[in-house]
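Student: Position chain L relative to chain C; hints supplied.
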Amino acid sequence: MRRLVSALRRPTAILALLLAAPAASAGAQITAGIMSVADILAAPLTGTGTRALSFGVIVPGTTTVTVLPASAAGGEFRITGVKNRKSVDISFTLPAALTGPGGATIPLSFNGNFVGLCEIDTSGTCVAASYTSWNPVTTPSFHDQPTRYKPGRPRYTFDEYQLYVGGTALPAANQRQGTYTGSIGILLAIN
Amino acid sequence: MLTLPQLPTEKPLAERVASILARVLGAALAAAALMTLPATVARAIARALGTAMSALLVLALSAGVARAVTVSPTAVYISSRNPSALLTLINTGTRPEEIELSLGFGYPVSDSTGQLRVDIVETAPSGEPSVAPYLRVFPRRLVLQPGQRQVVRVMVAMPAGAADGEYWGRVLVKSRGGEPPVEQTQGNVRMQLSLETTFATAVFFHKGEVKTGIAIPSVAAQRAGDSVQFTIDLKREGNSAYLGRVRAELLAPNGSVVAEVEDVVAVYRALRRRFVLRTGAPLPPGKYTVRYVVDTERPDLPPQGPTKAAAVTGSVGVD
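Going line by line, the protein sequences match chains C and L.
When you line the first sequence up against this note's numbering, it's residues 1 to 191, in that order.
When you line the second sequence up against this note's numbering, it's residues 1 to 319, in that order.
Everything labelled a hint here was simulated from the structure, so no lab data went into it.
Warning: the hint list may mix true and false statements.
Claimed, not checked - DSSO-like, lysine-lysine: derived pairs with alpha carbons at most 27 angstroms apart:
(1) L:K211 with L:K174
(2) C:K150 with L:K211
(3) C:K150 with L:K308
(4) C:K150 with L:K287
(5) C:K150 with C:K83
Okay, chain C solo, but in the shape it has when bound (with noise of 0.2 angstroms):
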């Protein structure tokens, strides 16, 4: 009896966890449903940043590093509540440089193909199709439909979005040693 006990015990602890979890979520969709009925036609967007943008470590000497998006060291955000929406606008607020000990910068380059975009199918992969990706700079806002790649598609077919940003940074060659830091914001306007 013991040894059955124990047996179970793991499975049972398991269970209990994976039954909770499914209760959190529809916690969230009830409480969507007890706001109003507007919530509920109104699917929100939820966004968040998921991987920093890192330059990592440079030897001194180098003036030029660049990160390409959808790289492994670029940076990448998030958006949900995409599906039957039929456009979306995105846009980025970029630093001029990044801040580092005693009020030293670093400057920053973002002219070029440095963010892009994809849609995340239900397998959570990116649709090689849908990716995009265009200069920040002379496109601030990037307003997005699902026509863009696939015609006659009114609305999004996925619920989710990847964005991807990358840059360049210009190190002086004597630069001062130490950790830089900036932040890089994104801005999700209903309208």
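Tutor: Only chain L this time, still in chain C's reference frame:
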């Protein structure tokens, strides 16, 4: 990293009940297995269950990783008779989110090519019907733990002598996910950019009678290779923003619809929109027409919100 005070958050009753129910069911299931099954069978089932549920647990926990702050509803409508509304912020992610709320002003404008832009500014240009100076939100800063939600109250204290009409503003909800701290390194230069997300939720304040309408000063359709470029100029009428949609269809010489496009529009003053109607195949020669409708159907916005107006329809030949 989490230096901001944790403000009280509420958990809905349904969520609490569901959570308790899940625990009770889990315990009952385990007890039933213990009491009813022969030991050898129970052990075999336990091993299989343990393996399967471990895999499921990993999936269940990883499913929510990408999600984070949700702001609901997507637009806020306030009137002088009921000068407050609620915004609900939910952290559906797996990490704490620092959230900061501020106020601003901005609406979509377009350039000559129909390219849209939304400039959000702290202070509205003079002459704009901005509600931002009279908006109050509470709380302004908070930290939402995973799974928590917070109701934010949005209030308007408009001066009594303000003219009738619609006033515009934005509540900006900025969230900064729990990024890992940048490691300090010796003897080198380390560079990193964190990411912030801002939702610009539109706020509309109605005082007295509000009405809207749409005029279409010009419209054009031009063949461009295998597609047709449709340009429409929209000018708002009345004293309220025109929040609606444009739907356009490309009609072949025989009258059949060969391509269509649809998008939401928010015409606060005037807007040019340009659409590309693609069939996905070369367009045979012939006389094509674009048929369009502009109406105030916006199922993505609160139904009691946008000011309604009669639909405007028309058509234009393709050059």
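Student: If a hint holds in the structure, say so; if it doesn't, say that too.
Tutor: Right, here's what the structure says about each hint:
1. Using a Cα cut-off of 27 angstroms, the hinted pair L:K211 and L:K174 is violated, with the two alpha carbons roughly 32 angstroms apart.
2. Proximity of C:K150 to L:K211 is assessed by CA-CA distance (about 37 angstroms); at most 27 angstroms being required, the pair is judged violated.
3. Under the criterion of a C-alpha separation no larger than 27 angstroms, the hint pairing C:K150 with L:K308 is inconsistent with the structure, at around 31 angstroms.
4. This hinted pair checks out: C:K150 and L:K287 have alpha carbons roughly 24 angstroms apart, not beyond 27 angstroms.
5. For the hint linking C:K150 to C:K83, the alpha-carbon distance of about 15 angstroms falls within 27 angstroms, and the restraint holds.
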